[in-house]
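Participant: Protein chains in written order, with my numbering: chain X, 11 to 669; chain E, 200 to 361.
Calculated directly from the structure, the hints in this document are not laboratory data.
Hints are all accurate, no fakes.
Cβ-to-Cβ under 7 Å is the rule here; a few derived chain E residues that face chain X: (1) 240; (2) 243; (3) 247; (4) 252; (5) 253; (6) 254; (7) 255; (8) 258; (9) 261; (10) 262.
Here are the computed lysine-lysine pairs in the DSS-like style, where the Cα-Cα straight-line distance is at most 30 Å: (11) 303/E / 137/X; (12) 486/X / 222/E; (13) 602/X / 220/E; (14) 627/X / 208/E; (15) 627/X / 220/E; (16) 627/X / 222/E; (17) 483/X / 214/E; (18) 483/X / 220/E.
Sample of chain E residues with no beta-carbon within 10 Å of chain X, all distances over it, derived: (19) 235; (20) 311; (21) 324; (22) 334; (23) 349.
All C-beta atoms in this analysis are idealised placements derived from N, C-alpha and C, irrespective of residue type, glycine included.
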Amino acid sequence: MKIYVNGKETIIDDNARNVLEALKEVGIEIPNLCYLSETSVYGACRMCLVEVEGNGIVTSCTLKPYEGMRIKTHTPEIYEMRRGILELLLASHNRDCTTCERNGQCKLQKYAEEFGIRNVRFEKLDKSNIFDSSSIIIRDNSKCILCGDCVRACEEIQSVAAIDFAHRGFEAQVVPAFEEGLANSECVYCGQCVAYCPTGALTFRSDVKELYNAMESGKTIIGMIAPAVRSAVQEELGLEGDMVIAGRLVNFLKMIGFSKVFDVSFAADLVAYEEAHEFKERIEKGERLPQFTSCCPGWVKFMEQFYPDFIDNLSTVKSPQQALGTLIKKYYAKEAGIDSEDICVVSFMPCTAKKFEAEREELAGQVDLVLTTKELAQMIKSSGINLKYMQPEPFDRPYGLSSQSGLSFGKTGGVLGSVINVLKEQIDISEISTEEEEKGIRVTKIKIEEGKELTGIAVFGLGKAREVLERIKSGKLEVDIVEVMACDYGCIGGGGQPYPNNSAKREERAKILRDTVGMDVLISPVENYHMRELYNKYLVKPLSEESHKVLHTSFRHRKRVSGEDIDILPLPLDEEEKVTVNVCLGTSCYSKGSYDILSDLIEMANREEWAENLEIKGTFCLENCGASPNVLVNGEIISEATTEKVRKVLEKYVSKEKA
Amino acid sequence: MGIERTFEKVEDILKKHNYDKNKLIAILLDIQKEYRHIPKDVVNYISVALGISPAKIFGVATFYAQFSLNPKGEYSIYVCDGTACHMEGSMALVKVIEEELNIKPGEVTKDLKFSLDKVGCLGACALAPAMVINGEVFGNLNEEKTREILKKLKERKADENV
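Bound conformation, chain X alone (with noise of 0.2 Å):
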């Protein structure tokens, strides 16, 4: 399509989303604060306005191009309009640039500065301001311009909707329900908000003091570095392409006072090896398939919160992040002569929600801080270290040893890879073939022997992940084995990963992975001996009552809604006079008809004279959603209920308090 950009003829595509799309793809990046090309169209901000020949100043992101358009993007007019924009935003945003998470890559600073903005007219206005680190994601809405890309990234592409506007006009603000804190919101840790926000509104908990506090502490600190980093760092580093990034990395490491730096990937082959195995055992006995991954912490609580009922399909392997702790603690310190509470380990991860991983309950102890892509180069910058000059040197030993696969697990695919690799061992497999049903899932079909035909999709973004269980749970989908990484394009588009994280990045680290996998000379993690080595030594074998112990991990179902019960029929007795029945209505029960229950028993205490000392409650979530309905009577569960049993038990108690 041809148009008029300032005066000049210029081709666009002619399936360009809008103006602002087009104009990128010909070398004019027109500034804007709320754009995503990942999500809808906000049109919220107003910086992205262009003057169309005949429609006077409309914004781009909103404007469709057509044949022969003249647009102008950068008269006086606009420059003056821009700058006002950016005054009055800078008039109620915190200023305290220099302390800000996001100093030197916040949108509004650079545009403040590209503006030459000096001087705002405006009277500076606080807001009433929200600051909640109650979890590792912190939001300071001082710092917000509520250009809504977290609300959407969290709504739209994740469909965990945590957060959203709240109120109106100059008292709106962005928070989870009720104005709680992220930790008591459905949040799942994956960091997409933190990532899309422009400013320092939305940052992630840093714990880079933490690591030089347990160096100068004495402690011997052992690091793991995650396949994504190492297509990412670089880009903070002035390294794009470098290739050898990860050798350099474990060269900085030691340097600066790590004793051991073991490569996450060699945990990712053992994960995979094991997940392998699991799943052809779930295939013979024809039990909790599909069998879905569980190396995405993001996911891993998506699944908690919002499909209970899937939770025994997990694979109840370890993330490669928390088997390679626990080997180090459990073997390596052993092997080492070293106590393992004297050893820090330190994962290096792309990711946000793994340190909230390595803090659940059942993993704690593993592994003690988990830094990002960014705290990790910003360790080595404020180091004055160029790691241009620093010589690669390999991971150590007996964990730095990795397969084509381990390595993979960074990107979408790559974990139902490794599993398929490890499964060519096992399995008579004729063919093999992947098809991309649309962007985000995609489906592999294995013809194994007898003409059987296994089915495996990769899916990543979790808005695609409940797709995919929703078709799965309606029967219109059949698959075997499912491998969902919470954030678009895998792990490689983390939230702790640098910013710019969109999609054209992930598309760029994507390549970089894809050719360091392509560059290591073992392909299957069979092929990884150090890691069969492993089993020889300690894990007997795979799904071995070691393995169990050491490798695999258990789930639980979380409450969606914080909060007391709620009474519905309260007594005012002694505890011990009364039988007090909490009837679940979270979403799993609700579903199965927990309402109708609640009903009649309000019926019951009301009529009947035996059940007079009833006190009926109401709860969201009993954290049994696997066996909803659920009620609860004087503590005891009652699963799957229906009016009669729960009648029988209450009876039961009833009967024994007369007596």
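Use these hints to put chain E onto chain X, whose structure you have.
Facilitator: Okay, now just chain E, sitting in the frame of chain X:
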């Protein structure tokens, strides 16, 4: 005994609107009418029933002035503080009500009997100063009249308990 609360009324409201998430505002209006506010557990309940995240419902409930997250009184008093009423001494009325009920604008009495709000123009400027209690307009007020109205309402409460 506490306030008796079931989700029966909520279910009725949801049924009336066909459990249609597009009718969220209509549903919230009915809930506001029923409970005189939008209770937290009801937000959670309709979030589950409609499949909308609680954050979104909270956003809607805090955006529109028609909704309140805190209970309004059985008698909700809106004192007009538009230009005409203000000039005619509406602030003196507010002061009288504050003294009588021991609450400030935006608050509700402990027994949930009365709530007080200051609002912009009620459109009854000819009757300034004016206030609206449960939809009924009281105009040409002064401190004395206001005290009397409150007294009557309080007595009505006493009657109810007999």
